[in-house]
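Chemist: Chains A and B supply the protein sequences, listed in that same order. Its first residue numbered 1, the first sequence is counted upward by one per residue in our numbering. Its first residue numbered 106, the second sequence is counted upward by one per residue in our numbering.
Hints listed in this document are in silico derivations from the structure and should not be mistaken for laboratory results. Where a beta carbon is used, it is the ideal one built from N, C-alpha and C, also for glycine. Some clues are possibly wrong.
Have a look at the derived ranges for each label pair, beta carbon to beta carbon [unchecked claim]: (1) Pro262(B) / Leu56(A): 45 to 51 Å; (2) Ala51(A) / Arg152(B): 46 to 52 Å; (3) Asn7(A) / Ala153(B): 38 to 44 Å; (4) Ser253(B) / Ala54(A): 35 to 41 Å; (5) Cys55(A) / Lys267(B): 39 to 45 Å; (6) Ser127(B) / Cys55(A): 41 to 47 Å; (7) His189(B) / Asn7(A): 25 to 31 Å; (8) Glu64(A) / Pro235(B): 56 to 62 Å; (9) Arg152(B) / Ala50(A): 21 to 27 Å; (10) His31(A) / Arg152(B): 21 to 27 Å; (11) Pro235(B) / Leu56(A): 35 to 41 Å.
Footprint (simulated), chain B over chain A, 3 or more residues, beta carbon under 8 Å [as the list claims (entries may be wrong)]: (12) 20 to 30; (13) 82 to 91.
Each chain, letter by letter, is given below.
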Amino acid sequence: MSDHLENELRAALRREDPPEGFAERVLARTHGAGYRPERRARRLPVWSMAAAAACLTMTIGIGEYRERREERARGEAAKQELLEAMRITRAKLRLAQEKVRSIHE
Amino acid sequence: MTEVAPQEDTAVSWAGTVAGDSDAFARIVREHQAMVFSLALHCLGDRASAEDLSQDVFLQLHRNLDQIESPAHLKFWLRKVASHRAIDAARRRRWWPKFGLDEIPEPAIRTPAADPLLMRRLAKVVKTLPETQRVIVVLRYQEDMDPSEIAQVLEMPVATVKSYLHRALEMLRKKLGGKKE
Numbered sequence: 001m002s003d004h005l006e007n008e009l010r011a012a013l014r015r016e017d018p019p020e021g022f023a024e025r026v027l028a029r030t031h032g033a034g035y036r037p038e039r040r041a042r043r044l045p046v047w048s049m050a051a052a053a054a055c056l057t058m059t060i061g062i063g064e065y066r067e068r069r070e071e072r073a074r075g076e077a078a079k080q081e082l083l084e085a086m087r088i089t090r091a092k093l094r095l096a097q098e099k100v101r102s103i104h105e
Numbered sequence: 106m107t108e109v110a111p112q113e114d115t116a117v118s119w120a121g122t123v124a125g126d127s128d129a130f131a132r133i134v135r136e137h138q139a140m141v142f143s144l145a146l147h148c149l150g151d152r153a154s155a156e157d158l159s160q161d162v163f164l165q166l167h168r169n170l171d172q173i174e175s176p177a178h179l180k181f182w183l184r185k186v187a188s189h190r191a192i193d194a195a196r197r198r199r200w201w202p203k204f205g206l207d208e209i210p211e212p213a214i215r216t217p218a219a220d221p222l223l224m225r226r227l228a229k230v231v232k233t234l235p236e237t238q239r240v241i242v243v244l245r246y247q248e249d250m251d252p253s254e255i256a257q258v259l260e261m262p263v264a265t266v267k268s269y270l271h272r273a274l275e276m277l278r279k280k281l282g283g284k285k286e
């Protein structure tokens, strides 16, 4: 298809030069402070993000486990101290009872 | 159709010559700036936006120079990136157009083809086409590309390109006064 309209379009849409200094402005931007020549932003792969999340979860889990274990140990020690105190008290009471009994006899 | 397939030896040597050579990059910009700028200008309609888009295309090229395999591939790449960016930019501007059909004066009589006023009017009417049709018309008549080349650049079937082109020409004829040649 080649008609008058197509010829007019070729004339109307002919190439035009960009404003003066275009190439220099492009080159200046390639040397600009904020310009990064890398092809594309480096993104962490999904597996590494998953591994990091797993590590974080494990760290938090281990910390919590240790805290609970120490708490349980402290509770156990307190229980043992209380039992020991009760044993001593019972022994003292028994001695006192025996002395009272010997005075009455 | 322009050959854009990789050619191993020339590709390696060409990329090696150009990458990191700012003089070579400057030559590339100067050689292709009119093509990229005009493509943007004919799609967007104002020189400031066209320059912004063109600069962005060349900056993208600078970041991807190692992907370019030959001068033919370079031309294909520039047309492809500029076309896609022009379509995106034109779509973003859809709701705040810089001009409309109402602003285009209706000529009383049909003027000769070389009339600069007619050329300007025709270019403006092209800018009223839907974005993809507009880019296809620009690639066809500014770059003199055939439908199969346009199809490669825009990554669409050749039949679709032909259909868009046909519809665009019909629309242009209608807007220009319904005269069929």
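Chemist: Does each hint hold? Answer for all of them.
Modeler: Here's how the hints hold up against the structure:
1. Pro262(B) / Leu56(A): 45 to 51 Å: For Leu56(A) against Pro262(B), whose Cβ atoms are near 48 Å apart, the range 45 to 51 Å holds.
2. Ala51(A) / Arg152(B): 46 to 52 Å: At 51 Å between Cβs, range holds.
3. Asn7(A) / Ala153(B): 38 to 44 Å: 30 Å Cβ-Cβ, so the 38 to 44 Å window is violated.
4. Ser253(B) / Ala54(A): 35 to 41 Å: With Cβ atoms ~51 Å apart, the hint is violated.
5. Cys55(A) / Lys267(B): 39 to 45 Å: 56 Å, violated
6. Ser127(B) / Cys55(A): 41 to 47 Å: 44 Å, holds
7. His189(B) / Asn7(A): 25 to 31 Å: 28 Å, holds
8. Glu64(A) / Pro235(B): 56 to 62 Å: 60 Å, holds
9. Arg152(B) / Ala50(A): 21 to 27 Å: 49 Å, violated
10. His31(A) / Arg152(B): 21 to 27 Å: 24 Å, holds
11. Pro235(B) / Leu56(A): 35 to 41 Å: 50 Å, violated
12. 20 to 30: Per the Cβ count (7), the hint holds.
13. 82 to 91: Per the Cβ count (0), the hint is violated.
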